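Protein chains in written order, with our numbering: chain W, 3 to 121; chain S, 8 to 200.
Source of the hints: derived by calculation from the structure; they are not laboratory data. Every clue listed holds true.
Think about it this way: if two alpha-carbon atoms lie no more than 25 Å apart in a straight line, the pair counts; the simulated BS3-like pairs of lysine-lysine are:
#1 Lys-183(S) <-> Lys-19(W)
#2 Lys-67(W) <-> Lys-37(W)
#3 Lys-37(W) <-> Lys-183(S)
Owing to the predicted nature of the structure, the values given are computational and were not obtained by experimental measurement.
What follows is each chain in one-letter form.
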Amino acid sequence: MRNRYIESFERAQIEAKNIPAFRAGDTLRVAVRIKEGNKERVQNYEGICISIRGEGTGRTFNVRKVGANNIGVERIFPIYSNSIESIEVLRRGRVRRAKLFYLRELKGKAARIKELRRK
Amino acid sequence: MEFIIEKIGMSRTIEVPSVPVTLLKVIDAKVCEVREDGKALVAYNSSKKLNKSIEGQQTKYSISKEFNKFMTIEVAEGTEAGDLSTAPLAEAASVKTSLNTKGRGFQGGMKRHNFSGGPAEHGHRFGRRIGSIGNAEWPGRVQPGKKMPGQYGNTKVTVKNEVVSFDAENGILVLKGSIPGHNGARGLVRIVK
Numbered sequence: 003m004r005n006r007y008i009e010s011f012e013r014a015q016i017e018a019k020n021i022p023a024f025r026a027g028d029t030l031r032v033a034v035r036i037k038e039g040n041k042e043r044v045q046n047y048e049g050i051c052i053s054i055r056g057e058g059t060g061r062t063f064n065v066r067k068v069g070a071n072n073i074g075v076e077r078i079f080p081i082y083s084n085s086i087e088s089i090e091v092l093r094r095g096r097v098r099r100a101k102l103f104y105l106r107e108l109k110g111k112a113a114r115i116k117e118l119r120r121k
Numbered sequence: 008m009e010f011i012i013e014k015i016g017m018s019r020t021i022e023v024p025s026v027p028v029t030l031l032k033v034i035d036a037k038v039c040e041v042r043e044d045g046k047a048l049v050a051y052n053s054s055k056k057l058n059k060s061i062e063g064q065q066t067k068y069s070i071s072k073e074f075n076k077f078m079t080i081e082v083a084e085g086t087e088a089g090d091l092s093t094a095p096l097a098e099a100a101s102v103k104t105s106l107n108t109k110g111r112g113f114q115g116g117m118k119r120h121n122f123s124g125g126p127a128e129h130g131h132r133f134g135r136r137i138g139s140i141g142n143a144e145w146p147g148r149v150q151p152g153k154k155m156p157g158q159y160g161n162t163k164v165t166v167k168n169e170v171v172s173f174d175a176e177n178g179i180l181v182l183k184g185s186i187p188g189h190n191g192a193r194g195l196v197r198i199v200k
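One chain only, chain S, in its complex shape (with noise of 0.2 Å):
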């Protein structure tokens, strides 16, 4: 089962010993069309962008202006159209969450893969340069998947979490340890048990 959700940010607890936690917000979507694979077409809120495509699909599964963007993803058995119930998050004990990691630019090795980088000063040119990235005239190409700089962050990235709590009337997900991605971004969690 999968939901949508937004990640609003950081906090922890009061316990001991204090366990820090990511707050999510589950957005609201409509369940327009069950598939017979477990999966179903969503509808939810995404800025203020409409079409002539977009109010087509709405007439179509009969649904308010605001659900205005359109996903597949997995739902609950015996899932009908209409509103998507939360009800599974209430029961789970850990939760995948995939969204996308902070875009960081293109960066060079030191920074995306860990280079070591070479000494500042003291007559050095070698600084924050990569280095050799090949052999000789023998294989005479660079080996397929050499680290080297390029765009660094802003990919999908899946982590696994514990549900802390789930408060399913303002649907925040608290879950322990950090999630990828800046606050505010939208990804989804899937229930793992």
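Chain W with its partners taken away, still in its complex shape (with noise of 0.2 Å):
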């Protein structure tokens, strides 16, 4: 368990945030803040969630993507940081995993998931 101050110290700057459920697994689309300069614009990141992990404001997910010419991509987030706008999920995805560095493995074909439906 952790200390209860540091918990109230950091539920005080996540309570506001609003974070839709997701897990590994699933097709994100995570719109981050970029700064260039003195100009501020939003930038789209997508990919498939491959990790949560921490806890309180130290929380933060993997989403991994294969960019051009097949090249494996993958980042970091905090969850509640705020230079995430916004994060979107796009797909549920049927994992039997909680983690799923497997992925780093596979290509092409392999490195799908599929989609998780519910009855």
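Make one complex out of these two single chains by using the hints.
The structure is reproduced here in structure tokens:
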């Protein structure tokens, strides 16, 4: 159990955040605020969430996508960071693990994830 | 002005860029007697220890049983006997924190003084030894202050940190960055400005 003072300090910051529920295997679109000089713009990053870890304000998630020339890209975001404008869940995946690091070894068709169908 | 504190632990903020913070609990203290040099005798709670000399002090200053430890600290001007006010912390911009560092016991030169040591394998016998500690017949002694193995840690260290926020209700002081010591360690904070 974490210290209650640390917890209340973190809860005060997190409370106002409206984060959708998602888990590993879900396809996400993350809108990231980017500052260039004194201009600020929002960039979308889309991929499969392969892990969620940590607690409180230090909670992060890892989003993997296969970019141009078949190069895998993974970005780790702090869930509650102010630099994240929004997180959108595009597709729920059917997976049997909490951490999908095995996707790093797979290519092309093998690296697909089935969509979750609820009965 | 000084306050007795207990280190709670570390966290971070969600701002951009994120700030690493250390949380401190300001220990409730009762002012017993204000001295002329700006210092005061204060009592605070520490374990359950009680003996006749402590009880004698408690009756003398008419304070309750929990306040069983005494210490002399700097206080704000115009402080009177009674509860020690934490109001000055609310306006503090930066503080100096003094705590004992984590004790690491008796350590060799490599860990204690960052000596480089020697190769571990291929017939070397130097390993983690400290090497030569002096010259020859002259001066015939080891220079005072020579870095050698010994007790490492558990020494008082003072660091300066910015204040991020202060919650007067719960007595929680939030500092930017890290401070020495383990979680639960007690020490003093002094307001710099």
